[in-house]
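K.L.:
Protein sequence lines, in the order shown, are assigned to chains V and L. For the first sequence, the working numbering gives the first residue as 81, with consecutive numbering after it. For the second sequence, the working numbering gives the first residue as 23, with consecutive numbering after it.
Please note that the accuracy of each hint is not assured.
[As the list claims (entries may be wrong)] Here are some, though not all, of the chain L residues that point toward chain V, as calculated from beta-carbon distances under 10 angstroms: (1) ALA184; (2) ASN203; (3) GLU271; (4) HIS373; (5) GLU374; (6) SER375; (7) CYS382; (8) TRP388; (9) GLN415; (10) ILE416; (11) ARG419; (12) THR420.
Don't read these hints as lab results, they were simulated from the structure. All C-beta atoms in this analysis are idealised placements derived from N, C-alpha and C, irrespective of residue type, glycine included.
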Amino acid sequence: MSENATSDLITINIDGKDVEVPKGINVIEAVKMAGKGKEVPHYCYHPKLSIAGNCRMCLVEMGMPMRDRATGEAVLDENGSQKVGWMPKPTIGCATNAAPGMHIKTGSPMVKESRNGVTEFLLINHPLDCPICDQAGECRLQEFSAEHGRGYSRFIEEKNVKPKRTRLGPRVTLDDERCILCSRCVRFSKEVADDDVLGFVDRGTYSTLTCYPGKELENNYSLNTVDICPVGALTSTDFRFKMRVWFLKRTNSICTESSVGSNTEIWSREGKIYRVTPRRNDAVNDTWMTDSGRALYKEVESEDRLTHYTIGGVHKTADEVAAGAVELLQQGDVAIVGSAHSSVEEQFYYKSIADSSGAKVSLVSHYAEGDGLLQSEDRTPNLRGALMTGLIDQLPDADLGSLARDIDSGAIKTLLVVNEDVAALGIAPDLLAKIKVIYVGTQTNDTAKDADLVIPSLMVFEKDGSFINQSFRLQKFKSAVPGPAGIQPDVMVLEKIAASLSGEQPAAVNLDQLWQRIATKIDAVPEAQTWRGIPDEGLALEPGTLVDLSFVETKNLKYDPVAFKEAQAAPAGA
Amino acid sequence: MKHADEPGYTNDIDCYIKYGGYDELKKAVTMKPEDICAEVMESGVRGRGGAGFPAGMKWKFLDRKSGKPIYLVCNADESEPGTFKDRQIIHKDPHQLIEGMMISAFAIQAELAFIYIRGEFFQGYRILERAIEEAREKNLLGDNILGSGYSCDIIVHRGAGAYICGEETGLIESLEGNRANPRIKPPYFPAALGLYQCPTIVNNVETLCDVKHIIGMGGKEFAQIGTPGNTGTRTWCVSGHVMKPGYYEFACADITLGELIYDVCGGLRPGRKLKAVIPGGSSAKVLRGDERFTGKLKDGTEFDWGIEDIPMDFDSLMAAGSMSGSGGVIIMDDSTDIVEALANINYFYAHESCGQCTPCREGVPWMRKITQRMVDGEAREEDADLLNNIADQIAGRTICAFGEAASWPVQSFIAKFKDEFVEKAREQAARRKEGKAAAKETTLI
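Assemble the whole structure, with the sequences as input and the hints as a guide.
P.N.:
Next up, the structure:
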């Protein structure tokens, strides 16, 4: 990999300094990579979309080493170095690919003048309603206007007037006056979401973004257009006018919608989540995520959250419930219904509990149709985690039929259920009534209502942890907001139970210490791995023999099961 | 247009053949395609659409190794204000165009040829359709042309009314059925990635007609017409304040601007003086009537011309600071309000900007708003400089040449007639001071 990268490097000259960049990347990326903090400002260019070249903000001066037309020999200046033939006009950085010997000026008078001109043009018809604009604070136009704007307006004519609130779809509202017609949203809909509903109508300065007649921007990726809109034109109907973005805290997280594990950012303030946006990870989700994944945070404040530790319906402390659980589990005849929604750390504890109580572990599958992009067939974030921690050793079934038979025969006396409504999965209420049920979960359901012990669990937004996604990539998430008052992180309660069961004193374990234990149990995890040490972009683990299981995921944006299997079979380093 | 206006000359195929038509095609299909290209190269013929790029060179850039089909497109979108030559050819001598196209198509070994005709030319469209049918019946196009084994058909495609469809990549987009948004170059040079991402040659109607004559007389002979670098004839479309406006064909450099105005077009209206000339369609830079043009030609000869002495060819008009463009010569006499004239031009370009890229989409309508305000009686003295600066911010920074087309009139009008812009502002200011409401002088919209 690294060898390939160096052999494909070429030398270009940015503002008088020779730098090495990969062959074929465009000037914007080259400057970003090698320009030492320099940036070529741009609006329409997006690394994951086709090149449009329409905003004209990324104009730079470009020159190539001169060669004599007739002889093909290098033309030298008086110092003996090759002369540079500068193009008379500025050229757009997004559509100019780095070529050996290319010279680029990113800050010459011509370049500055071009940018200032484009900035002035973009502002003349812009409503300048930044005080009430949702994009304010994260607006490219605002940023570049501060940097490249005049500071005053020479425009004394009347501004164009366009619609201020057009519904493009159920989740996206368009403010046409702010639109700079960069066409990112049009290209995204066509190229990534494969739902070519957006386009421009009318001409020139009256050009207007709109949906194809009779259609709406309603695909499950529509909110990505809001993310990539460089200005405040496309707004999230949900987030619109709710909060100034600069008040929001950003926390890295992972989408739990499916086994894709899109990287996300949680935007919160004072314990309340306002929005979820994708975080770029070229190995997982590029810069996209689903609309449905963004809505999951709403569950945090849902009415049916479990908010108290209870025994027999009576409020108890976490310690009391843990002790009660230990007592039940020690009596043997235990079964566990685990969850692929649990984090790796929690699954590690459940595995430990299963081992010391001799419990049989089942998992229930949550499969649905995939969309070929970022919503895979497996709608759980951490099935691979359950397999790697050894909690289960085969793919889960759709229901709990065999468990029901065991309960019926009296072989099971205590059932530990994690986040599943077993009552709806083949275990009838009369069966449940015959045994003791310990329920661990975030929301209430029929199982939780009748459970003898209830241990409320935190949602992914409220705790630290990690998941292993469809391509065996270990990814961590961090707590963005506190959970319901008095609820301890799952691992704290599980430590109490697991330690007591194996005759040890429960310790105050942080995730880094826990990972040192996990690393000794899972071969694929490096020995000194800590939780904190998991990179933000994740860590690809070796699946080992697990790769041979018949996982349900089909090809999606960044995962191809066939190619993945082949890559694992190939000798390392090839 | 040798015969077009002769009495009795009609636009049907029999008349065309009677006058020796299609002899050149018959000759061409016996030649090697590369030899035809060489003849065109030798003829030095330059594109008649506006840019004046050598057609032979354009053909040479064609990517022949891609393995993809090659297309020939005739640009008959003729939409530059002041230009009306292609329409004449299509109406009066359509077979000349078809013959020129088939020779060209054979030369570049095109799979299929298109005529992209301006939507407003519905009569021309009908004429072309009929002419193509006539030619097909005589096996002059279609399958196995004249038994040569080469097959090529022509499809006539009507535009839907936009200036930008005349820009070659905009035209290609439109031909593909999209909005005529010009493409970025690089990478989309038509010769490599044109129509349907295949190598494509786009030539003007007049250029393609010239190909017929190049084959007829040979490239060398053709190059004898005019002066070196300015070969062949050009059809000048004269409009404006002359007694006999119309289209007139002359060999390049055979005539001066003065001769064209006074001898050919019957001069100005009685009692008028020449104020300004736009020599190559409305996007060309304006020439002032009382200007002296001095400098050096490409070959080093010095010149010192009054406006009437400028030879009508590519290089001389360029040396005079303008261009021959599409051949649309717009004459303005001293009754012209120069600010209004510019307001008119700005209105056109603001209306026609495709809106794809920022400088043109925002800058050109801004210039229109300023000139409109100036004619509406609210001119300011600083407007001239502002206009000029806006134009500077557009030219050279856009996706296509529309940026220049819209900026050059402004830049040249201000450069040459700044006094009139300032004077207008002063006049209006004085009138306002007197308490008179600013009279709306004209309404362009």
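K.L.:
Each hint should be assessed against the structure and marked as holding or not.
P.N.:
Each hint, compared with the structure:
1. ALA184: 7 angstroms, holds
2. ASN203: 8 angstroms, holds
3. GLU271: Constraint on L:GLU271 not satisfied, violated at 34 angstroms.
4. HIS373: 7 angstroms, holds
5. GLU374: 7 angstroms, holds
6. SER375: 4 angstroms, holds
7. CYS382: Holds. Min distance 8 angstroms.
8. TRP388: Interface hint status for L:TRP388: holds (6 angstroms vs cutoff 10 angstroms).
9. GLN415: 3 angstroms, holds
10. ILE416: 8 angstroms, holds
11. ARG419: This interface hint holds because 5 angstroms falls under the 10 angstroms limit.
12. THR420: 7 angstroms, holds
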